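S.K.: Quick note, the sequences are listed as chains G and P, same order.
Reminder that position 318 of the first sequence reads as 318 in our numbering, one-by-one numbering, no gaps.
Reminder that position 304 of the second sequence reads as 692 in our numbering, one-by-one numbering, no gaps.
No lab work stands behind these hints: they were computed from the structure.
Don't take every hint at face value.
Unchecked claim - So the derived label-pair ranges between C-beta atoms look like this:
no., chain 1, residue 1, chain 2, residue 2, range
1, P, A675, G, A164, 52 to 62 Å
2, G, G143, P, V529, 21 to 31 Å
3, G, P338, P, T478, 22 to 32 Å
4, P, D475, G, Y137, 27 to 37 Å
As the structure is a prediction and not an experimental result, all values here were calculated from the model.
Quick reminder that beta carbons are idealized off the backbone N, C-alpha and C, glycines included.
2 protein chains.
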Amino acid sequence: MHDTPGIFPASEFENRTARFQSEMAQRGMDALLLTTPPDVFYVTGFLTRFWESPARPWFVIVPARGEPVAVIPAIGEPPMARTWITDIRTWEAPNPNDSGMTLLGDALRDLVPDTGYIGTPMGLETHLRMPLADYQYLCGVLGQRTLIDATACVQRVREIKSEAEVAKLRNICEIGGRAFDQVPQFAQPGTSLEAVFRAFQVACLQQGADWVSYLAGAAGPSGYSDVISPAGTRPIANGDILMLDTGAVRDGYFCDFDRNYAIGKPSAETTRAHEALWRATEDALAAIRPGMRACDVHQLLCQSLVRHGAEPGVGRLGHGLGVSLTEWPSLSADDETPLRAGMVLTLEPGAVLDQGRMIVHEENFVLRDDGAELLSPRAPFDLPVIAP
Amino acid sequence: MHDTPGIFPASEFENRTARFQSEMAQRGMDALLLTTPPDVFYVTGFLTRFWESPARPWFVIVPARGEPVAVIPAIGEPPMARTWITDIRTWEAPNPNDSGMTLLGDALRDLVPDTGYIGTPMGLETHLRMPLADYQYLCGVLGQRTLIDATACVQRVREIKSEAEVAKLRNICEIGGRAFDQVPQFAQPGTSLEAVFRAFQVACLQQGADWVSYLAGAAGPSGYSDVISPAGTRPIANGDILMLDTGAVRDGYFCDFDRNYAIGKPSAETTRAHEALWRATEDALAAIRPGMRACDVHQLLCQSLVRHGAEPGVGRLGHGLGVSLTEWPSLSADDETPLRAGMVLTLEPGAVLDQGRMIVHEENFVLRDDGAELLSPRAPFDLPVIAP
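Here chain G stands alone, though its shape is the one from the complex (with noise of 0.2 Å):
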């Protein structure tokens, strides 16, 4: 009954299905198998928000040649069957006697040779959404073959992004930018923070969002301790700085980025570190380049913040973005991973203030050749001061 034309033409997955299968050959897997969300998505174009269900696990092989297939839930078939996939096998989930495994180790032992390798992501980042008994069952029916970590085979497809992914990417956060743009009409003194919430989402969602996967954020006198927390019942008030982040979704693709609003005149430290966040992630937008590591940034970041006057943040500063809230690599002291040009990703630099208060910045972008290119739209310089 659905006419949606598809996210992407069935170009879009094919290329994405060659770029995995050369990276499978360059690390001798035979298959890959896949489990969560994003990367269901990627592979196959099949979006449906029916993953907030634990209730049934949901599997697409990659072979190392032809087309993906999908081993899915009998539910699931009228929308897979819309995707560009053909070959769909299911089964009526749930089931207490065999999720699927049948089925799944059937695939398997088709597409794989006898002694070859299956990989799936079991890195960083990465968690199987299947039972656990039921993937040592797998493990127990694959006779020779092995199931070996695919992370870096993942990563290294999913992190580049295609021109048709930007312009998704570009499309949801310009749809974040406009929702930001009125916060200032709902914001006001007196509110409280979990109105600011509801109404920030409505405007997401007017604004073309097609849910509103993530939003956390805080208000608290110049400053706040938590960035993560759902809101509470206290009103806003004079003197507040007001932080709202989202993860808004258009088409399967999220924005992440955030931004900060003075509740009356800022004090002049928060000015202070609100200026130094902004340079910071000027100068990072400025430098950053293909053949930097992840690490390099976070260490540019870092010596940015300082020199413009503020303490950095501990933990990573920016990371992947796109059909996940966050994707690798994380912009940290620790994580080496080569910046190539295709990379969308999001620079959140935080200042630390005193008595366990902060603030952080964030913006999105894609890396090409020569330099970063803003997906966001960038925060002004000076704080927007909602007056009391």
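Use these hints to put chain P onto chain G, whose structure you have.
M.R.: The following block gives chain P in isolation, referenced to the frame of chain G:
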């Protein structure tokens, strides 16, 4: 900076912990290792949308005696410190060299005897939300301690809701009901399904949802063939049946029910199918009692649908509901879970029409000693008609 008082008093979590520890003792488990958003929220009250980022694993250990221990990324310490949990151990994540494994291994060795058993969910409707390679490493550093399946332990505890939980579920069901009441205002013929989806999410937020984790639906001539897809651009048209199915969230608790609307006068076939679904739901609500098994209710629904002239849909016809959109058990032919007072469940019978079409119907209720108490406002017997 947040002043959220906590969704529940500490006594709620103490009771949950005691119930886990009782189930663990019966199964000879010395600790329970939990990794997923619903399980971590259930034990600690730690609620964040930050799970949307796959970058970091989060761990909670319920020991055989005493309070739970949180082993989490440092970024989560401020909000976790506002919960009832006092033993919080943190590391800077993501860290490619150690994803919390040293900390988690130490904690488990402290809490579990040398030859003890550590339960973690491995079974139906579960997954382990941590890198598989880390899990394999962890197994290696635990010496003679053994990891065993804790699915039944977690299911038996989580599937019985406290009155405080029932109140949360009633509240989000009422919010969802008020949003459904508004559908005729924006689902006019000519409006695209994606515009209807956006407006419905806005309505959920404006009625009090914190966020809308799930929305699916469809519209088609006298029925639809797919109930899990996001919306397409096709305008809804005279003769369509429009169905919306939402999992909106308030205070971490989900509703999960749907509503159908006829665009213009429904066909006799559609009217008959909707009546059969309504009557079968009524029959099941009247007959369901503690002591039945999940499969008994499935059979009851199927028989009632046939009696009322409809062909039952395949797959499960209902499921548990709570801190996740769907929870155990499944009202399916092969789920023999005994139903107990305090369970919150959905009934979702489907009627198969010809040409791959169907109509589905869903309500949420809590099972009491003397039967079902509805939480969702009951769907009207007559299919609501949106005049063209």
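S.K.: Now tell me if each hint is right for this structure.
M.R.: Results of checking the hints against the structure:
1. Judged by the Cβ atoms, the range 52 to 62 Å given for A675 of chain P and A164 of chain G holds: they are separated by roughly 53 Å.
2. Take G143 of chain G and V529 of chain P: their Cβ atoms lie about 29 Å apart, and the range 21 to 31 Å holds.
3. About 30 Å separates the C-beta atoms of P338 of chain G and T478 of chain P, a value consistent with the hinted range of 22 to 32 Å.
4. Hint check: D475 of chain P to Y137 of chain G, Cβ distance near 35 Å, so the stated range 27 to 37 Å holds.
Comparing the model with each earlier hint shows no violations; every hint is respected.
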